[in-house]
Amino acid sequence: MSSKSETKVVSRKEMTKAQWTLHMMNTHKVGYFMLAPFMILFFLTTVIPVFLSLYFSFTSFNMIETPKFVFMDNYVKMFLEDELFITALKNTLIFAVVVGPISYVLSFLVAWFINELPPKVRAVVVIVFYAPSLGGNTYLIWSTLFSGDRYGWLNAWLLKLGFIDSPVNWLKNTSYILPICILVALWMSLGISFLSFIAGLQGINRSLFEAGAIDGITNRWQEVWYITLPSMKPQLMFGAVMSITGAFGFGDVVTNLAGNPPQDYVGYTVTHHIGEYGGVRWEVGYSAALSFLMFLVMIGANLAVNKLLSKVGQ
Amino acid sequence: MSKRLRTRNHTVVLNRSSGGDAGITVFLVLLGAFMFLPMVYSFLQSLKPLNELFYFPPRFFVSKPTLGNYASLFSLMDYSWVPFSRYIFNTVFISVAGTFGNLVLSSLAAYSLAKIDFPGNKFFFQIIQKSLMFTPAIVATLQFIIYSKLHWVDTYIAVIVPAWSTSLGLYLMKNFMDSNVTTEILESARLDGAREFRIFWSIAMPMVKPAWLTLIIYCFKDLWQMSNTTLIHSEQLKTLNYAIGKVSEGTIARTGVSAAGTMFIMIVPIAVFIISQSNIIETMGSSGMKD
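Taken in order, these protein sequences are the chains called A and B. Mapping of the first sequence onto our numbering: position 165 corresponds to residue 168, and the numbering continues sequentially without gaps. Mapping of the second sequence onto our numbering: position 103 corresponds to residue 181, and the numbering continues sequentially without gaps.
Calculated directly from the structure, the hints in this document are not laboratory data. C-beta: ideal position from N, C-alpha, C; glycine also. Each hint should be verified, as a subset may be incorrect.
What the hints assert, rightly or not - In silico BS3-like pairs for lysine-lysine, Cα to Cα no more than 30 Å straight-line:
| no. | chain 1 | residue 1 | chain 2 | residue 2 |
| --- | --- | --- | --- | --- |
| 1 | A | K236 | B | K287 |
| 2 | B | K227 | A | K71 |
| 3 | B | K324 | B | K299 |
| 4 | A | K236 | A | K175 |
| 5 | B | K227 | B | K208 |
| 6 | B | K208 | A | K20 |
| 7 | A | K163 | A | K175 |
| 8 | B | K299 | B | K227 |
| 9 | A | K93 | A | K80 |
| 10 | B | K368 | B | K200 |
| 11 | B | K368 | A | K236 |
| 12 | B | K208 | A | K236 |
| 13 | B | K208 | A | K310 |
| 14 | B | K200 | A | K16 |
| 15 | B | K208 | A | K314 |
| 16 | B | K142 | A | K163 |
| 17 | B | K200 | A | K236 |
| 18 | A | K123 | B | K208 |
Stated by the list, open to error - Here are a few chain B residues that face chain A, going by a calculated C-beta distance under 7 Å:
| no. | residue |
| --- | --- |
| 19 | A100 |
| 20 | E130 |
| 21 | W159 |
| 22 | L183 |
| 23 | L210 |
| 24 | T213 |
| 25 | A215 |
| 26 | P240 |
| 27 | F342 |
| 28 | M344 |
| 29 | Q355 |
| 30 | I359 |
| 31 | M362 |
| 32 | G363 |
| 33 | S365 |
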């Protein structure tokens with residue numbers, strides 16, 4: 004470490020652990036100054052809200068009166084009295100379980116398949132696949148394609164070809180809302196994990212493939228399993244976190260395509276439920292309990308999947 | 079077909095079955111069409127005159143392209159309550175101020191986490207890494223309570239300042255510094271007596287250009303497309319995306335205008351990405367999670 008203190012050079016051995024820590028804190032205090040502006044804001048906008056949600060989840064609070072301590076009432080209500088919550092939780096988990104893994108695998112497959120293309124061609128292909136997730140509200144085009152009148156693409160063609168007699172209101176029909184929203188979510192799901200995989204694949208040491216070929220790897224499927232995947236584990240972990248988190252934070256697609264609340268609450272997610280209680284009914288205590296539960300579910304899912312992925316190639 | 083793989087001094091032949099190649103090509107073409115055609119269609123919709131929007135059955139291509147939708151987007155905006163230029167100013171101001179602060183704060187924090195060995199360093203980075211595992215949107219109500227206690231609500235601050243500390247930006251920057259800024263150079267500068275802020279600014283920052291470009295793009299993209307109506311109520315503080323959403327709401331006759339508006343918002347991030355793709359991919363090279 005830097006020993007620019009002119010007075011005396013201190014060695015680790017002469018000090019207790021606490022003294023050493025204090026010494027390090029003092030020599031590197033500039034580090035705290037550099038970190039502080041970011042961290043203070045980060046605590047304010049992210050860490051404290053999480054702890055506040057834990058605190059308020061044990062209270063009944065309407066933003067005007069002082070919070071009243073109600074113990075586990077909010078959590079009990081969630082699972083025993085609030086049927087809508089059970090629906091929302093079920094929908095959220097369906098979305099997460101379907102969209103998360105599929106988008107993850109899709110991101111990897113596409114990144115892997117385009118990896119051997121010439122760089123210029125690859126750059127163009129990347130834009131083609133990545134554009135939907137960059138385009139913000141562009142996914143609203145899907146509401147034109149699935150529009151409920153006869154000018155919607157699907158309706159028009161089904162009518163013309165004689166499969167249906169009258170237009171189907173796709174985004175109000177309870178059997179189609181969920182599949183359509185999942186389709187659109189997948190459409191825009193080649194996001195940051197996709198880019199991370201592309202970079203990871205580019206970074207693999209080429210001589211590994213050579214060595215593999217000599218060791219008897221005969222096709223690309225063996226190659227990806229024995230060489231490629233284990234060599235890019237850090238990217239696989241990061242990509243998983245991004246895909247899972249993305250798959251949970253999904254309410255906007257449903258709101259913008261099917262409305263909030265959607266027909267018969269099909270596709271209604273916990274995010275909607277949090278907004279309903281936090282922003283509309285001002286039952287902050289209950290909303291906070293929902294937030295904290297979602298926080299635990301998301302962190303739990305991520306940690307579990309990371310644990311699983313750490314076993315790849317071992 | 080077998081594939082040649084070039085390494086530094088010779089080429090190896092890897093076995094690539096032609097059936098596999100064909101299958102992969104078909105897969106990519108189909109998936110690519112699924113991804114890209116809606117984008118193209120979005121664009122073509124914005125060029126269609128009103129009568130072409132109501133063909134039955136609808137057509138993909140446009141026969142008499144017009145910029146009319148873009149023109150009416152702007153003329154409709156003139157009737158809005160607040161001058162259109164105000165929405166543009168708000169979006170540009172929020173995007174620039176938010177992105178600038180994000181870049182400065184994240185880079186400083188990333189440098190201290192990556193290159194200064196202070197006690198607690200690993201702990202703070204663990205917090206950042208864990209926070210990638212949930213979306214802050216789920217605690218929006220609690221954020222609202224905090225911001226309103228601070229009197230941020232309904233000011234620019236409520237949308238700009240939170241954008242200054244995003245965990246993804248710090249995470250990417252820190253990892254990139256880990257692998258691209260060599261500690262030896264910093265150490266020799268330290269021995270020469272250079273101050274840490276100076277080392278950060280004139281030695282470390284020039285070495286991580288791809289990372290700051292990436293940060294700029296991600297932060298800018300999010301802010302550019304933002305239309306946050308919970309934190310901002312005053313019409314004169316609202317953003318372009320919000321205004322365009324309002325214009326295209328309503329009658330079906332606005333379909334074309336709405337497509338024009340979407341194009342207007344979408345084209346900026348896509349254009350920026352096209353220009354800076356190689357830098358972003360380079361940054362993602364060190365995005366992996368070690369742990």
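Structure-based check of each hint:
At roughly 25 Å between alpha-carbon atoms, K236/A and K287/B fall within 30 Å of each other, so this suggested pair holds. Proximity of K227/B to K71/A is assessed by CA-CA distance (about 19 Å); at most 30 Å being required, the pair is judged to hold. For the proposed pair K324/B and K299/B, the alpha carbon gap of about 20 Å is at most 30 Å, so the pair holds. In summary, the hint linking K236/A to K175/A is not supported, as the alpha carbons are separated by about 42 Å, beyond the 30 Å threshold.
Distance check on the hinted pair: K227/B and K208/B sit about 27 Å apart at the alpha-carbon level, within 30 Å; holds. For a cut-off of 30 Å, the pair hint linking K208/B to K20/A stands: about 28 Å separates their Cα positions. Restraint check: the Cα-Cα separation between K163/A and K175/A comes to about 22 Å, which is no more than 30 Å; the hinted pair holds. Proximity of K299/B to K227/B is assessed by CA-CA distance (about 28 Å); at most 30 Å being required, the pair is judged to hold.
Annotation: proposed proximity of K93/A to K80/A holds, straight-line Cα distance about 16 Å (limit 30 Å). Distance hint between K368/B and K200/B is fulfilled; the C-alpha atoms sit about 13 Å from each other, no more than 30 Å. Between K368/B and K236/A the CA atoms are separated by roughly 8 Å; this keeps the pair inside 30 Å, and the hint holds. A hinted pair counts as satisfied when its Cα atoms are at most 30 Å apart, and K208/B with K236/A qualifies at roughly 18 Å.
The suggested pairing of K208/B with K310/A holds, with an alpha-carbon distance near 14 Å, which does not exceed 30 Å. With a C-alpha separation of about 23 Å, the suggested pair K200/B and K16/A falls inside the 30 Å cut-off, and the hint holds. At most 30 Å may separate the alpha-carbon atoms for a hinted pair to count; K208/B and K314/A meet this at roughly 20 Å. Of the supplied pair hints, the one linking K142/B and K163/A holds, its CA atoms being roughly 24 Å apart against a limit of 30 Å.
Note on K200/B and K236/A: the hinted pairing holds, with a Cα-Cα distance of about 21 Å set against a maximum of 30 Å. For the given pair, K123/A sits about 36 Å from K208/B by alpha-carbon distance, which is inconsistent with the 30 Å threshold. The beta carbon of A100/B comes no nearer than 12 Å to any beta carbon in chain A, farther than 7 Å, and the hint placing it at the interface is violated. The beta carbon of E130/B is not positioned within 7 Å of any beta carbon in chain A (closest approach about 11 Å), and the interface hint is therefore violated.
For W159/B, the suggested interface contact is broken, since its CB lies about 22 Å from the closest CB of chain A, more than 7 Å. This hint holds: L183/B has a C-beta 4 Å from the nearest C-beta of chain A, less than the 7 Å allowed. The beta carbon of L210/B is positioned within 7 Å of a beta carbon in chain A (closest approach about 5 Å), and the interface hint is therefore held. Using the Cβ-Cβ criterion of 7 Å, the hint placing T213/B at the interface with chain A is satisfied: the shortest such distance is roughly 4 Å.
Taken as an interface hint, A215/B checks out: its beta carbon lies about 6 Å from the nearest beta carbon of chain A, inside 7 Å. With 7 Å as the threshold, the beta carbon of P240/B comes within range of chain A, its nearest partner Cβ sitting at about 5 Å, so the hint holds. Checking F342/B against chain A by beta carbon gives a least distance of about 11 Å; that is not within 7 Å, so the hint is violated. At a threshold of 7 Å, the smallest CB-CB gap from M344/B to chain A is about 4 Å, leaving the interface hint in force.
Satisfaction of the interface hint for Q355/B is found here, the shortest Cβ-Cβ separation to chain A being roughly 6 Å, below the 7 Å cut-off. The restraint placing I359/B at the interface with chain A holds, with a minimum CB-CB distance near 5 Å, inside the 7 Å limit. Hint status for M362/B: holds, given a least beta-carbon distance of 4 Å to chain A, under 7 Å. Hint status for G363/B relative to chain A: holds, with the closest Cβ pair at about 4 Å, below 7 Å.
Contact between S365/B and chain A, as hinted, is supported at the beta carbon level, the nearest pair being about 5 Å apart and thus within 7 Å.
The structure fails hints 4, 18, 19, 20, 21 and 27 (numbered hints given earlier, in ascending order).
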